[in-house]
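A.B. asks: What follows is the residue order along each chain.
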Amino acid sequence: MATIDSKIPEGALAEKWSNYKAHQKLVNPANKRKLDIIVVGSGLAGASAAATLGSLGFKVKCFCIQDSPRRAHSIAAQGGINAAKNYQNDGDSVYRLFMDTIKGGDYRAREANVYRLAEVSNNIIDQCVAQGVPFAREYGGTLANRSFGGSQVSRTFYARGQTGQQLLLGAYSALCYQVNQGNVELFTRCEMLDLVMIKDDKGKERARGIIYRDLVSGEIKRCSAHAVVVGTGGYGNAYFLSTNAMTSNGSAIMQCYRKGAWFANPAFAQIHPTCIPVQGDKQSKLTLMSESLRNDGRIWVPKKLEDAQKLQKGLINPNDIPDEDRDFYLERRYPAFGNLVPRDVASRAAKERCDKGYGVNATGLAVFLDFKYAIQTFGKQVIADKYGNLFDMYEEITDVNPYENPMMIFPAIHYTMGGLWVDYELQTSIPGLFAIGECNFSDHGANRLGASALMQGLADGYFVLPYTIQSYLADQISIPRFSTDLPEFEAAEKAVKERIAKLMRINGKRSVDSIHKELGHIMWEYVGMGRTEESLKTAIKKLDEVEKTFWTDLRIPGDAQTLNVELEKALRLIDFIETGKLMAYDALNREESCGGHFREEHQTPEGEALRHDDIFSYVACWSYKGEGKKPEMLKEPLNYEFVKVETRNYKN
Amino acid sequence: MEKTISFKLKIWRQRGPKEKGQFKVYEMKDISTDASFLEMLDILNEQLINAGEEPVVFDHDCREGICGMCSLYINGYPHGPATGATTCQLYMRRFKDGETITVEPWRSAGFPIIRDLMVDRTAYDKIMQAGGYVSINTGGVPDANSIPISKEKADLAMDAASCIGCGACVAACKNGSAMLFVSAKVSQLALLPQGQVEAERRVKAMLAKMDELGFGNCTNTRACEAECPKNVSISNIARLNREFIVAKLRD
Chain A
1 MATIDSKIPE
11 GALAEKWSNY
21 KAHQKLVNPA
31 NKRKLDIIVV
41 GSGLAGASAA
51 ATLGSLGFKV
61 KCFCIQDSPR
71 RAHSIAAQGG
81 INAAKNYQND
91 GDSVYRLFMD
101 TIKGGDYRAR
111 EANVYRLAEV
121 SNNIIDQCVA
131 QGVPFAREYG
141 GTLANRSFGG
151 SQVSRTFYAR
161 GQTGQQLLLG
171 AYSALCYQVN
181 QGNVELFTRC
191 EMLDLVMIKD
201 DKGKERARGI
211 IYRDLVSGEI
221 KRCSAHAVVV
231 GTGGYGNAYF
241 LSTNAMTSNG
251 SAIMQCYRKG
261 AWFANPAFAQ
271 IHPTCIPVQG
281 DKQSKLTLMS
291 ESLRNDGRIW
301 VPKKLEDAQK
311 LQKGLINPND
321 IPDEDRDFYL
331 ERRYPAFGNL
341 VPRDVASRAA
351 KERCDKGYGV
361 NATGLAVFLD
371 FKYAIQTFGK
381 QVIADKYGNL
391 FDMYEEITDV
401 NPYENPMMIF
411 PAIHYTMGGL
421 WVDYELQTSI
431 PGLFAIGECN
441 FSDHGANRLG
451 ASALMQGLAD
461 GYFVLPYTIQ
471 SYLADQISIP
481 RFSTDLPEFE
491 AAEKAVKERI
501 AKLMRINGKR
511 SVDSIHKELG
521 HIMWEYVGMG
531 RTEESLKTAI
541 KKLDEVEKTF
551 WTDLRIPGDA
561 QTLNVELEKA
571 LRLIDFIETG
581 KLMAYDALNR
591 EESCGGHFRE
601 EHQTPEGEAL
611 RHDDIFSYVA
621 CWSYKGEGKK
631 PEMLKEPLNY
641 EFVKVETRNY
651 KN
Chain B
1 MEKTISFKLK
11 IWRQRGPKEK
21 GQFKVYEMKD
31 ISTDASFLEM
41 LDILNEQLIN
51 AGEEPVVFDH
61 DCREGICGMC
71 SLYINGYPHG
81 PATGATTCQL
91 YMRRFKDGET
101 ITVEPWRSAG
111 FPIIRDLMVD
121 RTAYDKIMQA
131 GGYVSINTGG
141 VPDANSIPIS
151 KEKADLAMDA
161 ASCIGCGACV
171 AACKNGSAML
181 FVSAKVSQLA
191 LLPQGQVEAE
201 RRVKAMLAKM
211 DELGFGNCTN
221 TRACEAECPK
231 NVSISNIARL
241 NREFIVAKLR
251 D
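Heads up: the protein sequence lines correspond to chains A and B, in order.
Under my numbering, the first residue of the first sequence carries the number 1, and numbering increases by one thereafter.
Under my numbering, the first residue of the second sequence carries the number 1, and numbering increases by one thereafter.
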């Protein structure tokens with residue numbers, strides 16, 4: 001069994017990153033110009049990495065599947081970005097942000113990585129302000145903050161309900177600057193279809209390029225580089241219905257996995273508590289309502305089962321239920337954090353109430369998020385100023401006015417903490433292949449705190465990868481640029497073309513979406529919020545059946561050698577099916593509950609997650625063993641040197 | 001109870017940029033009024049695929065009104081009849097039973113059609129690359145609170161910055177002008193001290209690129225503002241003009 005070296009630097013926690021930077025290898029300016037880097041993805045991680053690597057002088061090629069880098073799904077993040085600035089003088093510090101993140105992740109993340117994340121968080125805010133990101137400000141001209149789940153300080157910086165948009169546009173503008181300077185070349189409407197590896201003179205395989213499809217012309221093309229960086233986001237769309245964008249996919253992760261990169265903790269998926277509930281079988285996605293709403297909204301269901309049943313039948317209006325008959329179950333169960341408990345805790349609590357029959361809409365799968373109390377305290381105008389755009393969005397979708405009636409919300413798949421395994425340098429188990437942002441597994445453990453995804457994406461792209469990739473590239477300065485005519489590119493392209501031809505030949509009767517919905521249903525039902533040994537074994541069986549349906553009954557109209565949206569979706573779907581299986585394997589293996597992974601067999605008498613640190617304090621790294629074969633699991637032990645591992649407590 | 005409607009869809013189909021396009025009519029039956037417009041198109045595409053035909057191609061991604069990808073011209077309006085909303089935020093309850101709904105791509109010289117309802121908006125990226133940024137590298141910047149910015153200025157900058165780059169303003173404009181798009185970025189950065197350092201260079205470079213790419217000029221019809229899904233105001237165009245005049249006077 002391979003030993004796993006996570007390359008954590010020596011020294012005290014607070015000194016590791018400084019020590020690393022002080023002693024790492026660098027590439028001089030003249031040599032940087034001779035080195036090519038491919039960055040796949042243009043979200044917060046990809047765009048910030050491409051822009052920064054370009055500004056350092058490397059030759060960068062940046063790929064995105066949309067028509068412009070500005071469309072990446074980071075743009076949809078609403079609430080904010082965390083940083084340990086302590087501008088509010090409320091007791092925040094780098095150490096506290098680190099602790100909150102470690103605890104929020106249910107002690108399943110690496111200490112050194114998380115500390116570094118907290119450390120560079122402050123640089124991110126400085127950088128974004130310098131780019132012209134219009135963060136919210138106080139009348140005195142300083143930056144405003146608000147609080148988010150899982151913390152007792154106000155450390156979240158925001159730009160109305162559009163923080164992700166403003167941060168992405170900041171990174172996109174930095175990218176535009178580098179394009180203008182000739183350091184970055186953009187490949188829009190292009191999708192990576194495989195990773196190309198080439199052996200070096202010592203016989204060691206290294207990532208040296210990609211095969212991609214030009215989505216407009218349908219052509220299969222090649223691109224070579226000295227290193228490849230993937231920043232392609234998460235795989236939440238394995239559930240079909242999620243808060244992800246329609247094209248968000250985990251295929252780049254799977255391509256790298258099949259070439260030997262480990263897939264770490266695939267079972268760790270985050271279910272966001274405040275989404276608009278599902279309302280029909282034709283629905284294409286779930287819309288998130290920002291976690292920031294939990295600052296002022298109170299979550300409740302009726303105390304009396306008969307009230308819930310009347311609500312389900314539409315016989316009464318929620319406003320008819322008096323306060324004393326309302327069960328503010330988060331405030332009841334978690335007095336210290338109340339409505340601001342972390343996402344996994346809030347989601348499970350909603351499921352618990354709905355499972356008991358207290359759901360408030362026709363399907364019984366919804367709870368209330370009520371602003372009545374905040375409007376009584378602060379007035380309608382204050383609430384409108386804070387959340388106006390979110391309220392308008394809610395009303396447009398549901399036809400219900402949230403100023404007058406409580407919102408209805410329910411948990412939905414939102415983010416995946418699992419992803420490509422990376423070491424401290426963000427390098428995967430394939431030399432020369434790096435993974436950043438949501439597509440790696442590194443910083444969030446088993447649960448991500450709100451406003452930390454933006455922080456991690458930008459930390460990786462602006463301040464971590466641009467350093468660590470140089471350690472790798474310093475050895476590569478004498479290697480000339482690669483020709484894409486090499487036999488490795490030839491073989492990879494041929495394999496991609498055969499895969500596509502195989503898909504086009506199926507010629508069955510089912511659309512991609514119809515099979516994807518079937519997959520999503522299985523994932524939600526059996527690998528969702530509450531998992532059991534039985535449900536996971538059922539899932540694996542059912543996923544095999546879906547895979548069979550895919551390969552025998554799929555229909556892709558049109559031609560592969562031109563624009564073909566159905567073909568694009570089919571290529572992503574088959575990877576989602578394989579990802580789904582990996583998630584089920586991993587969830588089955590992890591016989592404990594932690595963060596977003598809840599095994600019903602493992603809970604405390606009060607229904608809280610029950611970890612088994614003596615057995616499962618490790619990162620599960622799944623290694624590909626060939627088509628149709630069960631992958632092998634390797635363990636990277638998690639050693640907590642500086643933090644005392646405890647049971648998470650949001651009660652007092 | 002779920003309400004449904006039936007209607008005719010008249011959709012523009014065009015194979016490629018140089019090929020001739022035409023309207024095709026599809027009958028849609030019993031569509032839930034709670035479905036979004038794009039979900040309705042998903043239903044149509046599912047029907048087409050099941051009949052062995054090629055689905056209608058249209059751009060879409062986030063489906064929550066922020067990525068700027070969706071771009072349909074519905075019944076003569078960019079993003080359809082709702083105001084302050086993108087196509088993906090449009091719901092079928094806005095339409096009536098028995099009506100004919102006409103769907104076209106953005107039509108503008110600056111945005112050539114790729115296929116059906118999908119257009120090429122790379123011109124916007126090119127305008128941004130001409131100067132829509134603050135010329136700084138990563139690192140070496142001052143503390144975020146070192147320069148106070150009035151709340152009023154920050155809010156105005158945020159209003160401008162909410163542009164999603166969808167192109168509705170160009171599609172709405174009889175001159176095919178990209179002035180609202182350009183002015184939103186110029187305004188955002190001109191309002192903030194960080195962007196003021198190179199404001200003059202920026203406004204000239206972005207406008208020159210806009211002209212070069214074949215977009216028309218502004219004649220103050222305000223169609224752009226009326227159709228903008230993010231309600232970006234044409235006062236930004238006034239600010240852009242001021243910025244431009246000041247920059248030119250110093251030449």
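Heads up, some of the hints might be wrong.
Using 25 Å as the maximum straight-line C-alpha spacing, the simulated SDA-like pairs for lysine to any residue come out as follows [to be verified]:
| # | chain 1 | residue 1 | chain 2 | residue 2 |
| --- | --- | --- | --- | --- |
| 1 | B | Lys-151 | A | Glu-352 |
| 2 | B | Lys-24 | A | Gly-388 |
| 3 | B | Lys-151 | B | Gly-84 |
| 4 | A | Lys-59 | B | Ile-136 |
| 5 | B | Lys-3 | A | Glu-566 |
| 6 | B | Lys-18 | A | Tyr-329 |
| 7 | B | Lys-153 | A | Gln-381 |
| 8 | B | Lys-3 | A | Glu-396 |
| 9 | A | Lys-282 | B | Pro-142 |
| 10 | A | Lys-569 | B | Glu-46 |
| 11 | B | Lys-18 | A | Tyr-585 |
| 12 | A | Lys-310 | A | Tyr-329 |
| 13 | B | Lys-29 | A | Glu-566 |
| 14 | B | Lys-151 | A | Gly-388 |
| 15 | A | Lys-542 | A | Glu-566 |
| 16 | A | Lys-7 | A | Ala-474 |
| 17 | A | Lys-16 | A | Gln-561 |
| 18 | B | Lys-248 | B | Ser-135 |
| 19 | B | Lys-151 | A | Asp-385 |
| 20 | A | Lys-313 | A | Gly-379 |
| 21 | A | Lys-221 | A | Ala-501 |
| 22 | B | Lys-96 | A | Val-278 |
| 23 | A | Lys-7 | A | Arg-555 |
| 24 | B | Lys-153 | A | Asn-389 |
Treat the hints as calculated values from the structure; they're not laboratory data.
A.B. asks: Return the numbers of the hints above that this structure violates; sort them in rising order.
C.D. replies: As far as the earlier hints go, 1, 2, 5, 6, 9, 11, 17, 20, 23 are violated by this structure, in ascending order.
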